[in-house]
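Asks: Sequence:
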Amino acid sequence: MNMKLLKLLNKNGRTPVSELATMTGRTEEEIVADIEELEQSGVIRGYKTVIDWERLDNTYVSAIIELKVTPKAGLGFEEVARKVMKYPEVESVYLMSGGYDLSVVVKGKTFQGVAMFVAKELSTIENVTSTSTHFMLRRYKELDVELFDEAKDDRGHFSF
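Position 27 of the sequence shown, counted from 1, bears residue number 27 in this note's numbering, the numbering being contiguous throughout.
Hint data in this document are derived by calculation from the structure and do not stem from the laboratory.
Be careful, since some hints might not be right.
So the derived label-pair ranges between C-beta atoms look like this [what the hints assert, rightly or not]:
1. Y94 / T49: 36 to 42 Å
2. D144 / E54: 15 to 21 Å
3. L56 / M96: 28 to 34 Å
4. G99 / I51: 49 to 55 Å
5. A115 / K11: 32 to 38 Å
6. E142 / M3: 21 to 27 Å
7. T110 / R26: 45 to 51 Å
Below, computed lysine-lysine pairings styled on DSS-like, alpha-carbon distance capped at 30 Å [said to hold, decoys possible]:
8. K120 / K68
9. K72 / K120
10. K68 / K109
Glycine included, each C-beta is placed from N, C-alpha and C at the ideal position.
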């Protein structure tokens, strides 16, 4: 497996095949074949664009929700994780070590909308024993893309 190719694609999935070939010392045909194989084998699961929603009028609210879960015999945390990941509001689900079991990243239109989603949906899932919601106030870096604009002074920008 060409780890250099994977690292380059992870950094920028839109890098032209010709540039990938030059950077890896391979032919364009080899790069195309490698990418197809990586996609078909499930190593490459998708491509994502990083959007700075703060620059648009239709902003979103993101939150990290900590879930404590009572695992089921033979299934562990998988059953709850599968239920959680089916919601369209859920962007990511991670099994964690430490004080809670699952970390869930959600996106909604308002703080109240996210709070209601947690109260009505996540907290009512069988074997979820508690939740803790942490709203993201500002993103500085996401998926290895810096979103921090040093020329902009946003002190006092937040109001609740």
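Asks: Compare the structure with each hint and give your call.
Replies: We went through each hint and held it up to the structure:
| no. | hint | in the structure |
| --- | --- | --- |
| 1 | Y94 / T49: 36 to 42 Å | violated, 21 Å |
| 2 | D144 / E54: 15 to 21 Å | holds, 18 Å |
| 3 | L56 / M96: 28 to 34 Å | holds, 31 Å |
| 4 | G99 / I51: 49 to 55 Å | violated, 31 Å |
| 5 | A115 / K11: 32 to 38 Å | holds, 35 Å |
| 6 | E142 / M3: 21 to 27 Å | holds, 23 Å |
| 7 | T110 / R26: 45 to 51 Å | holds, 48 Å |
| 8 | K120 / K68 | holds, 16 Å |
| 9 | K72 / K120 | holds, 22 Å |
| 10 | K68 / K109 | holds, 25 Å |
In the structure shown, a violation is registered for the earlier hints numbered 1 and 4, in ascending order.
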